[in-house]
Structure formats: C-alpha cells, structure tokens
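Note that the protein sequences, when read in sequence, are chains Y and S. Just so you know, we're using this note's numbering here: the first sequence kicks off at 1 and counts up by one. Just so you know, we're using this note's numbering here: the second sequence kicks off at 1001 and counts up by one.
Note that these hints are calculated values from the structure, not bench results. The C-beta atom is built at its ideal place from N, Cα and C for all residues, glycine as well. The reader is advised that the hints may include incorrect statements.
[As the list claims (entries may be wrong)] Label pairs and their computed distance ranges (CB to CB):
(1) Y:T121 / S:Q1050: 33 to 41 Å
(2) Y:M1 / S:D1140: 43 to 51 Å
(3) Y:S28 / S:D1189: 49 to 57 Å
[Claimed, not checked] Away from chain S, derived, C-beta distances all over 10 Å, residues of chain Y:
(4) I48
(5) S76
(6) T121
Residue strings, one per chain:
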Amino acid sequence: MPKTILIVDDSSSVRQQVANALHAAGFSTVEAEDGRQGAAAVEQNPAIAMVVCDVNMPHMNGIEMVQAVKCKPQFSKLPILMLTTEGQPALIKQAKAAGAVGWMVKPFNAGQLVAAAKQLTQ
Amino acid sequence: MDASLDAAVLACDGEAPQAMLPEPAREDPGTAMPQSPEALLDALFIEAFQELLAEYPIEVVPTQALEVTTPAPHVAMRSIVRASGPGLKLESVLLADVDFLAAVHPLSGDELTTSNLQDWAGELNNQLMGRLKTKCLMRDCAFELTVPKLATGSGLRTHLSRSCNYRHHRAMLPEGRMCLSLAATVDPDFVLADSATETAEVMTEGSFSFF
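Chain Y with its partners taken away, still in its complex shape (with noise of 0.2 Å):
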C-alpha cells in the first residue's frame, strides 16, 4: 500500500512537479491549493502520512496551517515539510515553532525531496 503525501501549494504546476517526483518513488499523493483547504484535507483524510507544504498563499499560509493543524494532538505526529521560496531566518524559526520538520527552498532537488519523504514515513 503505498503512503499517501498530501501537498499544499497554490500553484498547480509546482504540485504536478511534486507528485510526479513522489509518484515516481512510488507515493500516492492528495493536493490542496492553499493552507485552509490543506488543514480541511489532514481532518478529512487519515491516510495521509507526511505533508509537504508552501508557505506564501491565499486564504491561510503554510505557518498558519502547521499551527493549525499542530495544535490538535492527533496530528503532533504527522511530519510536514515546508517547500517555499523564502528563505527568511524569521520564518524558518516560526514554522519550526509551530512543529514543521523541515525547510527546503525552491527550486526542489526531486532525489532530496524524495529521500526525505521515505525518511519521514518510515
């Protein structure tokens, strides 16, 4: 069976790349485009095993949805990831506060991303 990733970015062709790197390494993957629909798709599905997630979006950011999604115990265990374009100390700290992983910086290594995903669903 393979593990489910659920990845949140507002943009769609960063997504497609995404998925096509975990599909590759045999990940089967859910999307959202921003962080409330990510932290409404964490609730709705308990198949999901790690998260990879953007920080600037619509409607909630990727800080806001750890935190969102952090704050309730069910999930204190679930790994997410952030794949954003900052690299700004001040919110690095932030989202490691608020229970995020990791931080890569876009553009993505596709080997990297995929190592850490077999990594943190063992």
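Since chain Y is already given, all that's left is putting chain S on it; use the hints.
The following block gives chain S in isolation, referenced to the frame of chain Y:
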C-alpha cells in the same frame, strides 16, 4: 495553446521621454555594482532572473520603453508580485508570451495547458522575487511578498502604477519573448549594502534543512 506568436509580441509602445526614465545606474569605478538602491535592486533582480533560468540560453536586455504592451490578437500572460518592507516597496511584473512560458515550464509539452502556463507565469515571478528577497536579506534588507496576481489576454501592459518608475528588460529565447519589469520605491534613508554578507541563517535556493 496559442503557438502562433511571432516577433511582434511584446512590442514597445514607444520610447519614454528622458524625464520619465528611471534613474540610470551609476557605476562605482572600484566595484561592478551600481550605487543607487533602485539601480542595485534592479541589478539583483536581473541577476536573480538569470540564475532562476540559468539552464536556458536567455538573452536579457534593458529597454528604454515607457511601458510594454502585448499587441492584439496575441495572447500573453502577466503576473504581478508586490513586496514591501521598511522604507521599500517593489512591484515585479512578468509579461510573457505563451511560447516563452512553455519553453521554460518544468513539465513537458504534452502535459501543458493554458492553465498550467498561467500558473507558471505566477510561480516564476514568485520564485524570482524569492531569490531577490534572499539577496536582499544578505544585505540586511527584509520584505514581505504578496501572492502573484495573474492575467491572461491581449493588450496586457506592464506599466500599472502611475506613481512608479519601472525598469524594463526584454528576455528572449528562440521560442518566445518575455518582458520583465521592476518598480522600486524607496524612502530617502533606505540603505542597501553594496555587497552581500554570507550568513548561515538565510537559506538559499535549493537548500534543505531538517529541524
């Protein structure tokens, strides 16, 4: 997808009067970097763009046009990303024909739709401004980015805010053309260091860290 765009796409509306042009870059004889914050921001903007699309043989040239308009009936795509921080406001406008966007899209041609290309116009601008932000962070300048605003159509213009002076650049590939514009509004006391300071805290493009 409209694949019939020709060299007329992204034609200039006309040359700007000298008084309307942005302040020209001034070179310090001791360094290669321009001195005014606006010129330095523009130089970093172009550097970021060339890094972002480094794998493509793109020629980038400045243009003195007051604004750039896509002529009807050609379809083009525009994205706008704004940024603001202490003493600084930026507006990046990316205006590209569909063939340029298709040529630099990470997915192959068979998978591309008009929606993909419009999305990519926004994501390219987002990644471009992200790179500019990284370069500015290394010069002790921070700002926040907006999500891209997208438009598709003919007769799209780059010059939107009447109060802004834009610096326009044409980016050309054999497959298509693009116009890249940055408007920078800085306070008189705004300072941007001429050289970057390497800091381990700022994560650069392609880097990855587990917490």
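Query raised in the report: Taking the minimum C-beta separation from T121 of chain Y to chain S, is that value above 10 Å?
Result: holds, 14 Å
Report task. Note whether the CB distance of M1 of chain Y and D1140 of chain S lies within 43 to 51 Å or breaks it. Result -> 50 Å Cβ-Cβ, so the 43 to 51 Å window holds.
Report task. Check the non-interface label on I48 of chain Y: least C-beta distance to chain S beyond 10 Å or not. Result -> For I48 of chain Y, whose nearest Cβ neighbour in chain S is about 20 Å away, the distance exceeds 10 Å, so it holds.
**Report entry** Consistency of beta-carbon spacing, D1189 of chain S to S28 of chain Y, with hint 49 to 57 Å
**Finding:** holds, 54 Å
Query raised in the report: If you check the beta carbons of T121 of chain Y and Q1050 of chain S, does the distance land in 33 to 41 Å?
Result: Holds: the Cβ-Cβ distance is about 37 Å, inside 33 to 41 Å.
Requested in this report: Hey, is S76 of chain Y genuinely clear of chain S, shortest beta carbon separation above 10 Å?
Outcome: holds, 15 Å
Every hint from the earlier list agrees with this structure, and none is contradicted.
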